[in-house]
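Respectively, the protein sequence lines represent chains A and B.
Here the first sequence stands for residues 1 to 152, numbered as in the numbering used here.
Here the second sequence stands for residues 153 to 571, numbered as in the numbering used here.
Rather than coming from a laboratory, the hints here were simulated on the basis of the structure.
Predicted model, so just to flag it, every value in this text is computed and none were measured.
Glycine included, C-beta positions come from ideal geometry on N, C-alpha and C.
Do not take every clue at face value.
Per the computed footprint, the stretches of chain A lying under chain B, defined by three or more beta-carbons under 8 Å from a beta-carbon of chain B, are [said to hold, decoys possible]:
(1) 3 to 15
(2) 61 to 67
(3) 88 to 94
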Amino acid sequence: MSSISELYQSVILDHNRSPKNYRRMADGNCTANGRNPLCGDELTVWLKLDGERIEDAAFEGSGCAISRASASLMTTAVKGKTRPEAEELFDRFHRLVTGRLPGDEVASLGKLAVFSGVSAYPVRVKCASLPWHTFKAALDAPAGAARQQPIA
Amino acid sequence: MSTTAAPAPAPAARSLDAARVRADFPILSRTVRGKPLVYLDNAATSQKPRAVIEAVTRYYTAENANIHRGVHFLSERATEAYDAARAAAARFLGAGDSREVLFTRGTTEGINLVAQSYARTNLRPGDEILITAMEHHSNIVPWQIVAQQTGAIVRAAPIGDDGELDLDAFASLLTHRTRLVALVHLSNALGTINPVRRIADLAHAAGAVVLVDGAQSAAHLGVDVGALDCDFFACSGHKMYGPTGIGLLFGRAELLERMPPWQGGGDMIESVTLEASTWAPIPGKFEAGTPAIAEVAGLGAALEYLDSLGLDAAAAWEGELLEYATQQIAAVDGVRIIGTARDKASVLSFTMDGVHPHDIGTILDDDGIAIRAGHHCAQPVMRRFRIPATARASFAVYNTMDEVDALIASLQRVRSVLG
Chain A
1 MSSISELYQS
11 VILDHNRSPK
21 NYRRMADGNC
31 TANGRNPLCG
41 DELTVWLKLD
51 GERIEDAAFE
61 GSGCAISRAS
71 ASLMTTAVKG
81 KTRPEAEELF
91 DRFHRLVTGR
101 LPGDEVASLG
111 KLAVFSGVSA
121 YPVRVKCASL
131 PWHTFKAALD
141 APAGAARQQP
151 IA
Chain B
153 MSTTAAPAPA
163 PAARSLDAAR
173 VRADFPILSR
183 TVRGKPLVYL
193 DNAATSQKPR
203 AVIEAVTRYY
213 TAENANIHRG
223 VHFLSERATE
233 AYDAARAAAA
243 RFLGAGDSRE
253 VLFTRGTTEG
263 INLVAQSYAR
273 TNLRPGDEIL
283 ITAMEHHSNI
293 VPWQIVAQQT
303 GAIVRAAPIG
313 DDGELDLDAF
323 ASLLTHRTRL
333 VALVHLSNAL
343 GTINPVRRIA
353 DLAHAAGAVV
363 LVDGAQSAAH
373 LGVDVGALDC
383 DFFACSGHKM
393 YGPTGIGLLF
403 GRAELLERMP
413 PWQGGGDMIE
423 SVTLEASTWA
433 PIPGKFEAGT
443 PAIAEVAGLG
453 AALEYLDSLG
463 LDAAAAWEGE
473 LLEYATQQIA
483 AVDGVRIIGT
493 ARDKASVLSF
503 TMDGVHPHDI
513 GTILDDDGIA
523 IRAGHHCAQP
533 VMRRFRIPAT
543 ARASFAVYNT
553 MDEVDALIAS
563 LQRVRSVLG
């Protein structure tokens, strides 16, 4: 498989075309905006937290195929997880896209493993991780307060 | 090599042999991701001919010394070379007097110098700075900063859907309050060539001075500050086949002489006491500290190189490349060209339905093709066209028709990969 087809796996292309959880969340209690000033990508992530558990996650914004698919798969993956579980997942995801996750741990990421091709493209790591950084900012935002999360 | 497409040799203009030009640029023979490099990111920075690389190497190998202070052989030689490069730059820009040409770090620094020295001194609360909606951030932000410092107001003349400046709107925004007009000569995001002379005439009639951002135009249009009748003209060495970190600022002598220095230090003084100092005459007044001597040597070589090619021949070849690329790209499904001004040069900015420019850039890169994807430091332009970003191919004298074909083929691949 060429590195391009490894980067743009069909799951990524599907989620780019029809992203999951792409909506404004009216009853969320955490939100944050993420922005990559380098390319102009921006997105908003909404979360509905019930104590430590993430009941619902959604996003809106504009970005490349990698960032849209990442936001789609992220919002799907964190739903139902507790805050520490989601943070641990982010850590593993980040190690995956930066090429630091041992091969035998990749499968543990489930569907998120489709982003393994990103590590061959260092400039695209920010595209894949922007939704996660924004998610993390939303988690840390006090209820009702939007948090800016610029990714330089 | 599609050299057959080059203009037929005319007695007056030298024609251009792209294959021979390419041989002057060592980097063009390298491969990227296993493919021959197709470098179409010239609006970001151009590649360097061997003559420039060798001039920088020669300076460090055999000539290195500080200028304007040594009594020794090498310092004298370095000073001579530095002054000769300034004279060459003055000729290149069409400045009558080499004292009117300052060495800067680049276009950005040149504009900031004018903002902090000329504008900060001369602007009063309520005065206006008129720019256009197609400016690069470096011809917006320095004016916003000086407006905050002085109480002046920045206004921007709008552009049309084709990316041309709305001259009527510009004229109506130009009032007795307008003290300074700052505009781009050749837009890096759209390729639009602005009618600088007409605008300068209007601005001068209103009593405003005119600064031209020549970052893109210097190597692709040719510059004659006399014919443009601008008061300031800023450009960057690295976009005209020269080194990074060096640029030129032309300023009319009578303005430069009245302007205060913007940085203090060695080399810019006439006399210093612990209480007060007096300034060196122009251009020295604006060149504090040891300048980028090696870069000036490289820039001098770049100007000589451009002269040997002939700017007219280079511009004509780039015009053919742009025209061919504009025709060919229409065959790619869903492509929309951003910037369709009648008068355009060297820049082809576009979007593709359903595909983000970043993804275009990555797939082209996989084919060895370097383009820029993003907002091109012109976010107001992106907002004007309601797009987050564009993909941009920008041409230089060493590009070929074959490379345009490679670009189009790779864009077709983008379509097949991303649907």
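(request) Output the numbers, in ascending order, of every earlier hint that fails for this structure. (result) The structure conflicts with hint 3 only, although it agrees with all the remaining ones.
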